[in-house]
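Just so you know, the sequences run in chain order A and B.
Going by full-length UniProt numbering, 83 is the number at position 83 of the first sequence; the sequence numbering is gapless.
Going by full-length UniProt numbering, 530 is the number at position 530 of the second sequence; the sequence numbering is gapless.
FYI, nobody ran anything at the bench for these hints, they're computed from the structure.
Honestly, I wouldn't trust all of these hints.
Claimed, not checked - In silico lysine-lysine, DSBU-like type, Cα no more than 35 Å apart, as pairs:
| # | chain 1 | residue 1 | chain 2 | residue 2 |
| --- | --- | --- | --- | --- |
| 1 | A | Lys95 | B | Lys233 |
| 2 | A | Lys47 | B | Lys612 |
| 3 | A | Lys18 | B | Lys822 |
Said to hold, decoys possible - For the chain A half of the interface with chain B, some residues (derived, Cβ under 8 Å), not all of them:
| # | residue |
| --- | --- |
| 4 | Gln10 |
| 5 | Phe32 |
| 6 | Glu98 |
| 7 | Ala176 |
| 8 | Glu178 |
All values reported here derive from a predicted model rather than from experimental measurement.
Here a beta-carbon is modelled for each residue, glycine too, at the ideal position from N, C-alpha and C.
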Amino acid sequence: MAGLELLSDQGYRLDGRKATELRKLQARMGVFGQADGSAYLEQGNTKALAVVYGPHEVRGSRSKSLHDRAVINCQYSMATFSTAERKRRPHGDRKSSEMSLHLKQTFEAAVLTQLYPRSQIDIYVKILQSDGGNYSACVNAATLALVDAGIPMRDYVCACTAGFVEDTPLADLCHAEESGGGTTLSLALLPRRENIALVQMDARLHQDHLPALMEAATVACKGLSKVLDSVVRQHLQEVSVQTRE
Amino acid sequence: MIKTEKVLHLKSSRGRKVRVVRELYLREQVPCGSVLCQAECQHDGKLLSGDVTHYVVPDAGVVRDYLEIFEFREFRGVVFTQTACQALQNTRGRRHYNRLRGLLKDPRYDCVLYANEFQRFSYCARKMGESQEKWQTRCVYNAAVWYYNHLASLMSVVMITEDQEAIKEYGSQNSGVYVVSTREYLESFWPNLHAAQELYASIAQTLQDRENEGAEKEYSEHLPAEVLESGIKSGRYIHGTLSVNKHRAQHEAFVRFEGSASKNAELNSDVLINGMKHRNRAIHGDVVAVELLPRGEWKGRNMALTEGRGDEKGGETQSQPMPTGRVVGIIQRNWRDYVVTFPPREELQTQSRNSLKILAIPWDCRIPKIRISTQQAEALQDHRVIVRVDSWESTSLYPNGHSVRVLGKAGEVETEIQTILVENCISVTPFSEAQLREMPVNSKEQPWQIDQAEISARKDLRETHLVFSIDPLGCEDVDDTLSVRTLPGGKRLELGVHIADVTHFVKEGSLTDLEARSRATTYYLADRRYDMLPAVLSADLCSLLGGVDRYAMSVIWELDAKTLAMCSVWYGRTLIRSSYQLHYELAQNLLNGKDVKVPELAQLESSVQDQKLAELLQALKQLTRVARHLRSQRDKGGALELEGVEVRAQLDEDKNITALVPKQPLEVHETVAECMIYANHWVARKIQECFPHQALLRHHPPPRQEFFNQLIDSAKSRGFVIDTRSNKALADSLDQAVDSQDPLVNRLLRVMATQAMSNALYFSTGACPEEQYYHYGLALDRYTHFTSPIRRYADIIVHRLLMASVQSEKEEWFHKSFANNKELEEIAHHINNRNRAAQHAQKESTELFQCLYFRDKDPLTDERCVADAIIYSIRANGILVFVPRYGLKGAVYLKNRENQVVSVGDDGVCVWQAGTLQRYPDRICSCTSTGTNTFYLFDHITVRISVETSRCHSDNLHLELLNNKPHQSATTESRVSSRVQSELIEEVVRREEASIQAEVEKTRRPRLSKEEKEFRQSKAPNLYTILQEISELALSDTAFCHIKQNTVPTCTTSA
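Sequences are here, hints too, so could you generate the full structure?
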């Protein structure tokens, strides 16, 4: 079979978006009562659930605790039914642990950990359905969960992927585009100051194209931050209406 | 953000059935691509015109099966839906899809793509249980309805489909949207377009026949694509292009592998595919995957000469066993249009008794017979017809095809020339109205004038510089001129090369540009030429004629007057007026101090004349000095010798073909050539610096050493040693390999050396690592083509790149979006292909004319059919010879069908006798009862030339051994053979014209002359053009020089 045409001559992608358009993002905060903070987020067909506990005392060995700031503990997992072919292990494989590490690094850069010395913040993220951009969906969901938990952060952390097809940067790749063999760059950004929390790219890309790709990812992240912001505001409004009554 | 809505898609892929959910975003604003749009869609790109009676929307089935019909430019207002495009891509593969993309991109076709599946109102989801075809038809119908409503009912829309139920179902649902079948559509809307109707009928019949096909397997099935891919990756299969042996098309084919075959160390040669069964339906040119057979089944290639008699003797004539394999799958079909002839009537009847199908015989003998369903076979007995191959099922012995167009009667010059063009995929329709409208006008009433704005924008060299051109006599398209002068102060010299500014007239993306790009080069055939640009440009406004103001692109160097070292270089647009339009002999005579008349000075008074002449002479002398210096400098700089030698070799050959160039190549040839190489080289450096990833350069890869074996062995037989380790060594040893008795030996050795080399190619700098930029023949690290924009498209691209790089320096990064690396690589590939096609076409047309010349001569009586020949290669049952008089090569058999061999009597006369042949590396012996005769390499013999006519293929020349002594009159006949060549063509042309005349008179209908008018763009060729074109026909098979050999000899190296 001929390879999929990721970008048609008319400028449409496989799912009908143009190069710079993002997938539809929907999110809800405070989906669980038990946890300190929680959020559910859909980015296109990628669905992620994030739960935050803490800050609380360091569990387990005390030696892990830091005297000047909080420890962030992340765990990433994928539901066995999240991909087209059923997964064997929901978490603990190489990929998941790597992803957990990335999430941890991302949020250590964003959360004001020095406010909570000798304590721990747990972030659990689960992918319910995977359709490309798992990392960015996790970051965005976790951000909302952290906001829900009331943990102070420097800024929203917004993450988005960008790819490069036929010299055109594409924002927010879906699974078909990611697996199409091109370059994928994931970027986690603190949008207000454009501080980069994490950037990752595995495939080869010519140096000259990197600025264009970064630019596309940055623009996409900023777009996402507006959506996340509106979700938070909406949530606050709902909560305040409820509490007033 | 744009409103989005999410819809689910079900798909299954990759072996196991997997349910994949994909999103789909719909929007309201999808550009409709029509001029009549009322809703202010945002358009970019081409639009459907509004002056047609209706728009036509073909459904998925029609696009899949009948796409070719829409390649008629008469169809206008065609809307292709996205649904149909995707169906085409999924069912017919990338090649057909790219063809559709080509149509959509090409502004000459009035068609657009409408992305109906992304439009909110024309999208429809597939219902449960609905078949894919039904759903596609419904989608297309919905799109058609939307289109009609979107244009506010201004234009009626016709949907065509092959699905009768759909016609019933949708036919009367909406007024203004008509649903008809393709046949009905063609008959009612285009009753006059018979070609389209015939094409439709031909395809329909083929499709129908395919359905009721038997199930007997003739070939093994091809493996699925995934298996092939993994097999190639793991090294089990070899991946390469199939090329069929011309002389043994039934039996032998070779696969030359591409890329990473080096994994398999034992494979250092091509893979042999023996027989049709193993070839498994692959056709010459296809990219295939091959599995190697076990070593025990390996075979050798047949070294004997055959005439397609097909009697394999086995054993004795075969070479060492070589890797042998069988085709397991086809990765890419490379089918093109084929010219065929129908079999003669008797055969036809036996064939057609059992079926309606006819096996047509392709002109190219490498292609298998093609099965066609047609009723016209009787009527088209002696005609040549274009067919296309549709499929080749494993159940069928031959591929299925359908006829497309009739070319004409076989044997007529026009038909044969058209055949050559079609076989090389050259399409040269006359320039269209729209293209000619883009051209500036230059007529008596309305002379073309220089734009005032251009004068200020360009450097004006009209008054300051003495500009002149040196070309062959009678040259029309002058694209290079030179100037040289001493700068004030006397310390610096200024050398200028001024090239016609074609890009000023041909804007990027204009119709002329597109046409030039698709032609890529001017095609020179034996009796005519097809220009790349319209005549008003190529022969007039772009041509740097003497005494008129012309735009030019210049490269101007400042050199130190004493040491001639390069100080600075300037590139830019200029305005010039060429003072002298010299030709080579005149320039050389001037330099030699002979008293010659310069036509430009004829009218002047003698005192002024003398002064001007002195000025010109001074310039020529300086130029020669500079060129000599440049050459010696480059010689010193490294292994530059080969280039010079190659050029000389080429000129050597040319001098023997063309009567125009005197025996000794003139120094002034080299002078001009040197300047052009210098300009090309510096332009290459400039654009490569400025566009490191998207500059168009030309490289010449070093040859593979094993290709030189024949050359080394042949030279050894005469006691010469050829060193091929580097280009310099090769050049030196070729220089020394001169037989004082026989200058032809050196010439043949050089031809062999040329054949061993690969072709020089254009490439994009982004696609190649920097160390591969090297030009082996010229020994330059960077090289491109800049100096002939009138006849090469590559030069036009280089001009644009150069202008952009000059402008980017002046202004702060004037960044125009140029073709990126990928596109440029595609263009380069296209130009390379076209050049190769042009080269083949030229060679074939020469052979055609050779055959036509000998056709009417009686070989037994006519003295002209007997000629001197020299042996250049030894085969098992014969020898290969070169006939210098006519510049042709051929095989001479020493063994005939009855297994008799040639024996030479005492008087030198040859007779056939029973005996044996014994082959050695440097000689062949025939032993008979009367004695033993030995033929050594490079021996002179006498041959008789006759024509072997063939119904379906091109005619061949047959050579027969007459005598083992040189031809008696050989010495007297060594007058320049080009005379013979040109006479040959002239005579054929004359004869053809006479026959045309006769026919005209007979039938009172100027049928052929009309054809002639249509196809021949230039006026009836005069003697000069004929001679000049002959001069471009290089002797060697590979050598090709579509450029005037005088200006840029480099191309000959590279050829």
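Against the structure, the hints:
no.	hint	verdict
1	A:Lys95 / B:Lys233	26 Å, holds
2	A:Lys47 / B:Lys612	86 Å, violated
3	A:Lys18 / B:Lys822	22 Å, holds
4	Gln10	6 Å, holds
5	Phe32	25 Å, violated
6	Glu98	25 Å, violated
7	Ala176	7 Å, holds
8	Glu178	13 Å, violated
In summary, the numbered hints that this structure violates are 2, 5, 6, 8.
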